[in-house]
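Peer 1: Taken in order, these protein sequences are the chains called A and R. Going by our numbering, the first sequence opens with residue 58, and the numbers climb by one from there. Going by our numbering, the second sequence opens with residue 4, and the numbers climb by one from there.
Calculated directly from the structure, the hints in this document are not laboratory data. Values in this document were obtained by computation on a predicted structure and should not be read as measured data. It cannot be assumed that every hint is accurate.
List time: in silico DSS-like cross-link candidates among lysine-lysine, alpha-carbon distance up to 30 Å [as the list claims (entries may be wrong)]:
hint, chain 1, residue 1, chain 2, residue 2
1, A, Lys62, R, Lys73
2, A, Lys114, R, Lys60
3, A, Lys158, R, Lys14
4, R, Lys73, A, Lys158
5, A, Lys128, R, Lys60
6, A, Lys99, R, Lys14
Here is how the chains run, residue by residue.
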Amino acid sequence: QQQVKQSPQSLIVQKGGIPIINCAYENTAFDYFPWYQQFPGKGPALLIAIRPDVSEKKEGRFTISFNKSAKQFSLHIMDSQPGDSATYFCAASTSNFGNEKLTFGTGTRLTIIP
Amino acid sequence: DAGITQSPRYKITETGRQVTLMCHQTWSHSYMFWYRQDLGHGLRLIYYSAAADITDKGEVPDGYVVSRSKTENFPLTLESATRSQTSVYFCASSDPGGNQPQHFGDGTRLSIL
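Sequences and hints are given; from them, build the entire structure.
Peer 2: Here it is in structure tokens:
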């Protein structure tokens, strides 16, 4: 059972555009929502994360928007660059000790065209 | 250099063979994880470990065995490899607490013929 649904599967955006990747979750116990970025031939790396007590978090050009009532969260990349081309995974977990497992979405392959 | 190292990076083997994937981390993280990455499935947890000699099943544990005799090492063994286990395998480590970042290795691409 897929507890975190991610869309779209792939996305092509012109340089400077704002790609948006969406995720939806089912488990209301989730209270930590990270995004991981993966370049070809490399392992995923933490990009940005949010807790449900805020509706938005920004780090540089990357923004997470969170809608607790809809159980949805999304990643926006401002002024996208070809170097942002990568696969992006959303994930969710509960933040308390003893629940260190992350549930990942299926990933979005993002391509930024120059 | 501190980090997490997986070996080998690439492996080709035949069905029925036993194969072990190695993972070594230098951060002294208590938690370690094994994932497989397949198109359309994202990252699926195979096994994880909270500390030396403590392991537990993830989402897709069948056909895999793990051990953790030392904090820094977490090998994954396929006892009798099957074609369905062809995948890219990632090892990760983290500190305790569900909001701690997981640090991933660069993966092992395993092909089973």
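Peer 1: Could you work out which of the previously given hints the structure breaks and list their numbers from low to high?
Peer 2: When the structure is compared with the hints, numbers 1 and 2 turn out to be violated.
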